[in-house]
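A.B. asks: Top to bottom, those sequences are chains A and B.
Basically the numbering used here = 1-based index in the first sequence + 5.
Basically the numbering used here = 1-based index in the second sequence + 3.
Treat the hints with care, since some could be wrong.
[Stated by the list, open to error] Below, computed lysine to aspartate or glutamate pairings styled on DMTMM-like, alpha-carbon distance capped at 25 Å:
{"id": "1", "chain 1": "A", "residue 1": "Lys219", "chain 2": "B", "residue 2": "Glu18"}
{"id": "2", "chain 1": "B", "residue 1": "Lys185", "chain 2": "A", "residue 2": "Asp203"}
{"id": "3", "chain 1": "B", "residue 1": "Lys159", "chain 2": "A", "residue 2": "Asp173"}
{"id": "4", "chain 1": "A", "residue 1": "Lys219", "chain 2": "A", "residue 2": "Glu167"}
{"id": "5", "chain 1": "A", "residue 1": "Lys283", "chain 2": "A", "residue 2": "Glu171"}
{"id": "6", "chain 1": "A", "residue 1": "Lys154", "chain 2": "A", "residue 2": "Asp135"}
{"id": "7", "chain 1": "B", "residue 1": "Lys185", "chain 2": "A", "residue 2": "Asp135"}
{"id": "8", "chain 1": "B", "residue 1": "Lys25", "chain 2": "A", "residue 2": "Asp203"}
[Claimed, not checked] To be clear about the criterion: a stretch of chain A counts as covered by chain B if any three or more of its residues have a C-beta under 8 Å from a C-beta of chain B, and this derived list gives those stretches:
{"id": "9", "region": "237-246"}
{"id": "10", "region": "250-256"}
Read the hints as simulated data drawn from the structure, not as lab findings.
For every residue, glycine included, the Cβ atom is placed at its ideal position computed from N, Cα and C.
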Amino acid sequence: MKKNLLTKLGTILVSTTIIGASLAGCGSAKADNAETAISEEDTATADAAKEQEAGDAEEAQESAEEAGDGEEAQDTDAVYRTLDEIKESGTINIGVFSDKSPFGYVDENGEYAGYDVYFAEKIGEDLGVDINYVSTEAANRIEYLQTGKVDIILANFTVTEERAQEVDFALPYMNVALGVVSPSDNVVESLDSVGADDQIIVISGTTAETYLEKNYPDIKLQKYDAYAEAKTAFENGNGVAWANDNTEVIAFSLENEGFTVGIPSLGDADTIAPAVTKGNESLLTWLNDEIETIGEDNFFHQDYEATLLDTYGADYENTLVVEGGKVQ
Amino acid sequence: MDLNVLRSYIPLYNEALLLTLKTGLLGILTAFAIGLSGAAAIYFNVPVVKKVLGIYIELFRNTPLLVQLFFIYFALPKLGLRISAETCGILGLGLIGGAYMIETMRSGLFSIDRVQSESALSLGMTDRQVFFHIILPQAFSVSMPGIMANVIFLLKETSVFSTISLMDLMFTAKDLIGMYAKTIECLFLLVIYYLIMLLPVSILGSIIERRVRYAEFGD
Chain A
6 MKKNLLTKLG
16 TILVSTTIIG
26 ASLAGCGSAK
36 ADNAETAISE
46 EDTATADAAK
56 EQEAGDAEEA
66 QESAEEAGDG
76 EEAQDTDAVY
86 RTLDEIKESG
96 TINIGVFSDK
106 SPFGYVDENG
116 EYAGYDVYFA
126 EKIGEDLGVD
136 INYVSTEAAN
146 RIEYLQTGKV
156 DIILANFTVT
166 EERAQEVDFA
176 LPYMNVALGV
186 VSPSDNVVES
196 LDSVGADDQI
206 IVISGTTAET
216 YLEKNYPDIK
226 LQKYDAYAEA
236 KTAFENGNGV
246 AWANDNTEVI
256 AFSLENEGFT
266 VGIPSLGDAD
276 TIAPAVTKGN
286 ESLLTWLNDE
296 IETIGEDNFF
306 HQDYEATLLD
316 TYGADYENTL
326 VVEGGKVQ
Chain B
4 MDLNVLRSYI
14 PLYNEALLLT
24 LKTGLLGILT
34 AFAIGLSGAA
44 AIYFNVPVVK
54 KVLGIYIELF
64 RNTPLLVQLF
74 FIYFALPKLG
84 LRISAETCGI
94 LGLGLIGGAY
104 MIETMRSGLF
114 SIDRVQSESA
124 LSLGMTDRQV
134 FFHIILPQAF
144 SVSMPGIMAN
154 VIFLLKETSV
164 FSTISLMDLM
174 FTAKDLIGMY
184 AKTIECLFLL
194 VIYYLIMLLP
204 VSILGSIIER
214 RVRYAEFGD
């Protein structure tokens, strides 16, 4: 008995130590991130500065730690790859949706396709590198950038203030607002009319979720972590309505009979833009230039006609497409 | 690490802990009930039931809980059977846990030497008495470590509930990260809460293990 309890206590001790250690590590990583703006200028002169200011005790300690930790320290310092590093490696990692037709999905041949992917292909072509598509879910898009698992997120990523604090957005390439779709025999036309026991389906990590949590805290949300699951649940009749990007709910009601978009536009008009890891200036600048340049050839209108026309028809072309990064 | 953020998330995590514990415990009770009756049925060699149980065990032990939940939650409504997310979670845990529990308890029952039941019978005890007073207590003692392992396994399996929109601990953390991107705080709380939930279970388990030892024969 005593021995056993001792083992348990040991486990607790060990686990707290591990947590503590990882927290200390993460804490300093976070601090590093916060100082990126400053440290970036610093980096250029860092080596020289460090030699000169060897007297500075803290910095000396830091560099000693860095020397000790070797790789780990390097990883936390630069999680992202600069434009040159990407070109050198010959492959760019782009995070896209694999289940959000017609923006990012895997077609019947197993190839990635859609509005976002069409743009991704262009990026790969103009950079002269191969593309490695990484399938993402709504809730882990920021994580993928912050941990350097992808170079660019092109997964229908709506620009919001909260997200802009965590990642860097390039120029927008699409307009979006929120929308609510519901079964045609019981259309939800106003969120105020949603009953106390009714549930609205949302996807975890989307702007629809944040908007409803903030503005309608009393409405019960039924959250799913992937598009495919939310769709199936909604088709099965779980929940009175589904709130999501209006592009998505319009597409859903056009593709599935018996569903009507009761609220076509909700909240602020937002834009969708590519995102890169916070601080990755070289890639961000290149992306912005690229969006402006290809805008001159009306690239995104071509993109719309190639990928979205079948779903939305020509009516939505000018409402949805943002050309050359300029919102009208 | 932002302490204010931690504090503001704690109510949400408490809610998630309650839900996890509630579905977890009900699921474990179901699993236990299935396990006990199933193991007894196999021990007494009930003709048809034994075959059916064999199929059940193979089916549920060799498919992931995630797949089972998918089936119960997404496919059954298409066949006209609607189950709430919470019931679905409990049912899923109960069914997969039941399959594991049957195997664990069966091994316990069969580990008791035949000599014992024969001796008890020759002393004039009824079949019923032999099972409940001689075989079962010893079988429990033998299979207790396995049962506790299953209990902890089942509590941890609740982490796949996000598929069926149940806001368990894991999904709450993922959801908050998706909304506010406070990754470190969320994951820290997640580890802490799982420890808060599982360490007492684990300690309780070792205490129970000692307690049921009294039944063991010839120790």
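A.B. asks: Does each hint hold? Answer for all of them.
C.D. replies: Right, here's what the structure says about each hint:
no.: 1; hint: A:Lys219 / B:Glu18; verdict: holds, 19 Å
no.: 2; hint: B:Lys185 / A:Asp203; verdict: violated, 30 Å
no.: 3; hint: B:Lys159 / A:Asp173; verdict: violated, 36 Å
no.: 4; hint: A:Lys219 / A:Glu167; verdict: holds, 13 Å
no.: 5; hint: A:Lys283 / A:Glu171; verdict: holds, 6 Å
no.: 6; hint: A:Lys154 / A:Asp135; verdict: holds, 16 Å
no.: 7; hint: B:Lys185 / A:Asp135; verdict: violated, 33 Å
no.: 8; hint: B:Lys25 / A:Asp203; verdict: holds, 23 Å
no.: 9; hint: 237-246; verdict: holds (count 5)
no.: 10; hint: 250-256; verdict: violated (count 0)
Checked against the numbered hints above, the structure violates hints 2, 3, 7, 10; every other hint is satisfied.
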